[in-house]
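2 protein chains.
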Amino acid sequence: MPTLKDVAKLAGVSTSTASRVLTGAANVNEATKARVMEAIEKLGYQTNFVAKSLRQRRTGTLALLIPNIRNPFYSIVTKGVTAVAKQHGYTVILADCDDDLQHEVETINRLKNRWVDGFIIATTSEKNYDHLLALQDSKIPLVLLVRKIDREITSVVVDDYRGGYLGTEYLLQKGHRRIAFIGGDLNLSFNRNRYLGYLKALKDWGVEKDEEIIITRIIGHEGGYQAVNELLLLEKKFTAVLCTNDIKALGAMRAIYDAGLSVPRDISVMGFDNLDLSALSIPALTTVAQPAYEMGEEAAQRVIDLINNIKPPNLIKLMDVSVVERDTVTVPPVYL
Amino acid sequence: MPTLKDVAKLAGVSTSTASRVLTGAANVNEATKARVMEAIEKLGYQTNFVAKSLRQRRTGTLALLIPNIRNPFYSIVTKGVTAVAKQHGYTVILADCDDDLQHEVETINRLKNRWVDGFIIATTSEKNYDHLLALQDSKIPLVLLVRKIDREITSVVVDDYRGGYLGTEYLLQKGHRRIAFIGGDLNLSFNRNRYLGYLKALKDWGVEKDEEIIITRIIGHEGGYQAVNELLLLEKKFTAVLCTNDIKALGAMRAIYDAGLSVPRDISVMGFDNLDLSALSIPALTTVAQPAYEMGEEAAQRVIDLINNIKPPNLIKLMDVSVVERDTVTVPPVYL
DNA sequence: ACAACCTATGAAATCGATTGCAGAAATCGA
DNA sequence: TCGATTTCTGCAATCGATTTCATAGGTTGT
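Protein sequences appear in the order of chains A and B. Note that the working numbering has the first sequence beginning at 228, numbered continuously upward. Note that the working numbering has the second sequence beginning at 228, numbered continuously upward.
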């Protein structure tokens, strides 16, 4: 691989001048510039980014930490991040933390030593965030994504409260009054907010909440399946289920199907996320859509702004949600 | 951030000695070593990888290029790669090429300048591979993944021929004789091999192939949907469909469902991939499983071996496949 | 014509580590 | 005891770019 020295020699100038041509610095004679360009062309020279990084103390890389890339939501987020990063000439280092806090802490450390210019982090745990505060203190630009903590850190999150509200409201508008809730760990802010949105919608429509058809701490597909089975055992009638993600909703649908009931004729199901697979299920899942791609874009834009010392107008960007109507919600059966 | 110089000063030694302690070089006095370690501890020193990379001419990073991270198959592959990379102290740069050859070429160039130690590439196009040959020539370790080209390059691919054969055989064993085929572009080796496996199984069982129920060049969910609709119009009876991926299979299932028929009672459906979502569909999809995670692991191991000048025993690693029995395949309806 | 000021360029320092070479100190052998 | 060998350490070069500083030569203004 040719170096700048080779280019300079061929062009008959010093490396300083050759470098000036590359960086587009002002004072370079047109003729010399042309000679240098020619040499660059002839040798097929390309800047060595490692050397450049060392000298400039910046590497042109962004780190993106996510809990688990197998969750399709995060692969869409990732695409949004990389698209914007590429536009601005940044390379993205993707780190999958395997839903493990320890892993996350180690990764941050490792990448710090590699002089990553900025971090975008969808943290595994919202409770233990000492490492995030430490990172913030070390002055490396940091943007939190999806998950946020209770401190002054630039964040991009979805309006989960509104999402919970809209999803519930949609069911209420269809005529449902007995709406079961299948959610995740309420210690995570997004789960909690979706739940609060659900409660608020019920309240606004004058529907009494019923603790018995509210199930939380549910994880994954199997969790959704089990939750519905429990609900069906209760013999308490419910005509719709609001799930806090699409995966749980698919598990719920299977339980309903296995019980010999039909979606949406007997029970309507509502998801949350709008993953690709929600359009593929049979019947196709009605769900609250999160703008995953846009969130990735926004986070990347923000971290790049921080790198360039541009302060964002607001610390926390709340992304909007919307209901995507498909085939798992209909009016409730008359026998209620 | 403290540098090695700071450490050396605090320990009262030269940077050379401090460096020797870090790199674990032989001749360092135990007492000095201890003093240096103490200084490292006290300052919280951590090696600067940019400087280290420049001097050692290696960066400790691997590049993983994939066509599209939204394809869940590749997110599993990615996890396999990163797991092994981490074990060996490598950081992975993931590049999503958006199914675009030009994008792939540019990315390779960009990463070359960053002195990536090795490349793992699931190339977008198997036809245009000049850039891959050039990369091979530049002596940077390279492993091809999933997609392969017709040259002497270390590759990790799945035994697609056997996959096509096994899937078909499974249907034949269940009693099916009229098996439709819904496949992708036969110019891609994996599609072609799956198709050839299908033909061979038919032949081995003495079943005549029928071009009319063989549809190729199908893309995605919608493609699978359309393909089945065309097949149903033919009024040629078929009792099973072999799809060359799970997404197409889900599209096929929806078409069958929309036609008022039932899977598997009227028509059996077989997929290929064994994505997470194939377990979530209703009924759950019977499919030919590819060991995506293991392929990622294998590719990472191979590229690391190449970096360390360990030659692999065979140039092309053929990963095994297996049929995962779920609920979309049963014996054909009697009326045939 | 002379001071003041540009313009264009090169020499050398710098980023932060690793490593070849040389030499001091310690150990060994006879 | 003296030379030979081994052990340990430091100096300085190196990786490949960027950037500060100095300066030669040219231009401008008065």
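No lab work stands behind these hints, which were simulated from the structure alone. Some clues are possibly wrong.
The calculated lysine-lysine pairs, modelled on DSSO-like cross-linking and capped at a C-alpha distance of 30 Å, are [unchecked claim]: (1) B/K232 - A/K366; (2) B/K313 - A/K375; (3) A/K279 - B/K232; (4) B/K463 - B/K401; (5) A/K260 - A/K279; (6) A/K269 - B/K354; (7) A/K232 - B/K401; (8) A/K269 - B/K366; (9) B/K401 - A/K313; (10) A/K306 - B/K313; (11) A/K279 - B/K354.
For each label pair, taking beta carbons as the anchor points, the in silico distance ranges come out as [to be verified]: (12) B/K354 - A/P560: 49 to 59 Å; (13) A/L360 - B/Q273: 12 to 22 Å; (14) A/N340 - B/W432: 54 to 64 Å; (15) A/N340 - B/S241: 14 to 24 Å.
Ideal placement from N, C-alpha and C gives every residue a C-beta, glycine not left out.
Hints and how they fare:
Note on B/K232 and A/K366: the hinted pairing holds, with a Cα-Cα distance of about 22 Å set against a maximum of 30 Å. Between the alpha carbons of B/K313 and A/K375 the distance comes to roughly 27 Å, so the proposed pair stays at or under 30 Å and holds. Under the criterion of a C-alpha separation no larger than 30 Å, the hint pairing A/K279 with B/K232 is consistent with the structure, at around 21 Å. The hinted pair formed by B/K463 and B/K401 meets the criterion: a straight-line CA distance of about 20 Å does not exceed 30 Å.
With a CA separation close to 20 Å, the supplied pair A/K260 and A/K279 stays within the 30 Å bound. Among the hinted pairs, A/K269 with B/K354 is consistent with the structure: their alpha-carbon atoms are about 29 Å apart, no more than 30 Å. At most 30 Å may separate the alpha-carbon atoms for a hinted pair to count; A/K232 and B/K401 exceed this at roughly 70 Å. At roughly 21 Å between alpha-carbon atoms, A/K269 and B/K366 fall within 30 Å of each other, so this suggested pair holds.
Under the criterion of a C-alpha separation no larger than 30 Å, the hint pairing B/K401 with A/K313 is inconsistent with the structure, at around 51 Å. With a CA separation close to 22 Å, the supplied pair A/K306 and B/K313 stays within the 30 Å bound. The straight-line distance between the Cα atoms of A/K279 and B/K354 is roughly 35 Å, outside the 30 Å bound, and the hint therefore fails. In this structure the hint that B/K354 and A/P560 lie 49 to 59 Å apart at CB holds, the actual value being about 55 Å.
As the Cβ distance of A/L360 to B/Q273 is approximately 18 Å, the hint placing it in 12 to 22 Å holds. As the Cβ distance of A/N340 to B/W432 is approximately 59 Å, the hint placing it in 54 to 64 Å holds. The hinted window of 14 to 24 Å between A/N340 and B/S241 holds, with their beta carbons roughly 23 Å apart.
In summary, the structure is inconsistent with hints 7, 9, 11 from the numbered list given earlier, while agreeing with the others.
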